[in-house]
Amino acid sequence: MEYVNPLTGFRLDGRRPNEMRQIRGEIGVVAKADGSALFEMGNTKVIAAVYGPREVRNKGQQINNQALVRCEYGMANFSTGDRRRKPKGDRRSTEISLVIRQTMEACILTHLMPHSQIDIFVQVLQADGGTRSACINAATLALADAGIPMRDIVTSCSAGYLCSTPLLDLNYVEDSAGGPDVTVGILAKMDKVTLLQVLLEHTKQLECHRGA
Amino acid sequence: MVGLSTGEKHFIHGGIAQDLRSDGRKRLHFRPISVETGVIPQANGSARVRLGATDVIVSIKAELGKPNSFQPDKGKVAIFIDCSPTAAPEFEGRGGEELSSELSVALERCFLGGKTGTGAGIDLSSLIVVEGKVCWDLYIDGLVISSDGNLLDALAAAIKVALSNTGIPKVNVDLGASPDDQPEVDVSDEEFLQFDTSGVPVVVTLTKVGRHYIVDATLEEESQMSSAVSVSVNRHGHICGLTKRGGAGLDPSVILDMISVAKHVSQNLISVLDSEIAAAEANADE
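Those protein sequence lines, which keep their order, are chains X and P.
According to full-length UniProt numbering, the residues represented by the first sequence are 1 to 212, in order.
According to full-length UniProt numbering, the residues represented by the second sequence are 1 to 286, in order.
In case anyone wonders, no lab produced these hints; they're calculated from the structure.
Errors might be hidden in some of the hints.
[Unchecked claim] Covered, in the sense of this in silico footprint (three residues per stretch, anywhere, with C-beta under 8 Å from a C-beta of chain X), are these stretches of chain P: (1) 40-50; (2) 55-69; (3) 83-92; (4) 133-147.
[As the list claims (entries may be wrong)] Okay, derived cross-link-like pairs now, DSS-like style, lysine-lysine, Cα gap no bigger than 25 Å in a straight line: (5) P/K244 <-> P/K263; (6) P/K133 <-> P/K66; (7) X/K32 <-> P/K9; (8) P/K66 <-> P/K76; (9) P/K76 <-> P/K170; (10) X/K32 <-> P/K26.
Note that the structure is a prediction, hence the values are computed from the model and not measured.
Where a beta carbon is used, it is the ideal one built from N, C-alpha and C, also for glycine.
Isolated chain X (complex conformation) (with noise of 0.2 Å):
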């Protein structure tokens, strides 16, 4: 399948290679939270929302010198295009969970709220690639308007390689055509990388190549 076109370089939404979907953020959409945010990437929406600093619901997880974080990912039933039967739980879900908590535990300040918990929860409303990013820029925004203190913003995308060409920000399609994609979340003014994921699928050979 031509996932770009040889002759005029668009791929099938009529992007260009190194260009990424519209992206769009709101904050302050759950009115109840402490911090919320929804944020979307072309045809991906995701809404988090952050509860805390807040007291430590089981006193046996509490550490005695920083903050408590943890995070639940949920995919709502309506999110991907076949309806999913179950809307957490699963081991992907699971992982994308804990891959959001590593990423934000290491920008958040966790030493300044010691004895206490941080939850955030991101709901994925409508599913198209890139959820993973989706849902850790949703996360920093959602920290940001909750007032907890952060090293600094964490952004995050993902890319791929189809067709001999990289891409930049894959969506569904793009996503399951069997080529390598990789997650990337970087603290934004220190420039540092705080989550790589690469996934190679049916790739006999990856070179590396800098990208400009």
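Fit chain P to the given chain X structure using the hints.
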């Protein structure tokens, strides 16, 4: 939820007794409702309803399936509600399961009637394609994003709006050579049939605080309630369902009074929803 002090509790009770609630509303006033349709493009119908700070999304997906052998001339509808932990941290993991199940069952009772399919607010026979063999299965999925009380009313309103936004694709049926053959169905991508929602009810929940009832309680007011009655009423003023769960016992005359109050309030709610649906459709057409 943050606990309420004694002073705050007195304030809520006193305000309700004097017909002036904490946000300035009268006892039988709803919060401003805002409605958006078509929020989930890949679903057959969808709606997002905001009732104050309560925010719910409902999506309806239609899939072809086989009808129940007990009711070969009716389609099937399943309602499934999920409470997202973004609404409250207690809904994390399996914490929201109890509330989700309660809401799902209450809504199924209001919209789908009894076990034999009698008294359903949704006309199930309009979902049949080939009698006894092929029918539409409607999956109604609700998601609670933000909760500030009165989830049942908000979800029921969202289901009503989503149904009005739902298009069932037209099907061309090829019956095949013998009656035992599975018919070939060709689902059209172009033509859609709009769902008939004139019989779909709304739900009005009356919360008793002290000696008075209020409509559309916020989370704080719900924490002070002694009991609640949810009444499902349709356009013609007929009662489609009634639920009273737990709480203090109510005198039967009080329940009859609550029903008549709910009927009266529901007519107003139905006309507000209808005008919001029309406005949303007009926006969508532009």
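Tested hints:
Check result for the segment 40-50 of chain P against chain X: holds, 5 residues qualifying (beta carbon to beta carbon below 8 Å, three or more required). With a threshold of 8 Å between beta carbons, the proposed coverage of the segment 55-69 of chain P by chain X holds, since 5 of its residues qualify and at least three are required. Requiring three or more residues with a Cβ within less than 8 Å of a Cβ of chain X, the coverage given for the segment 83-92 of chain P holds, as 7 such residues are present. As drawn, the segment 133-147 of chain P meets chain X at 6 residues by the rule of a beta-carbon pair under 8 Å; at three or more, the given contact holds.
For a cut-off of 25 Å, the pair hint linking P/K244 to P/K263 stands: about 16 Å separates their Cα positions. Simply put, P/K133 and P/K66 have alpha-carbon atoms about 6 Å apart, close enough for the 25 Å limit, and the pair holds. Between X/K32 and P/K9, the direct Cα distance comes to roughly 19 Å. Compliance with the 25 Å bound is thereby established for this hinted pair. Distance check on the hinted pair: P/K66 and P/K76 sit about 9 Å apart at the alpha-carbon level, within 25 Å; holds.
Between P/K76 and P/K170, the direct Cα distance comes to roughly 17 Å. Compliance with the 25 Å bound is thereby established for this hinted pair. At most 25 Å may separate the alpha-carbon atoms for a hinted pair to count; X/K32 and P/K26 meet this at roughly 23 Å.
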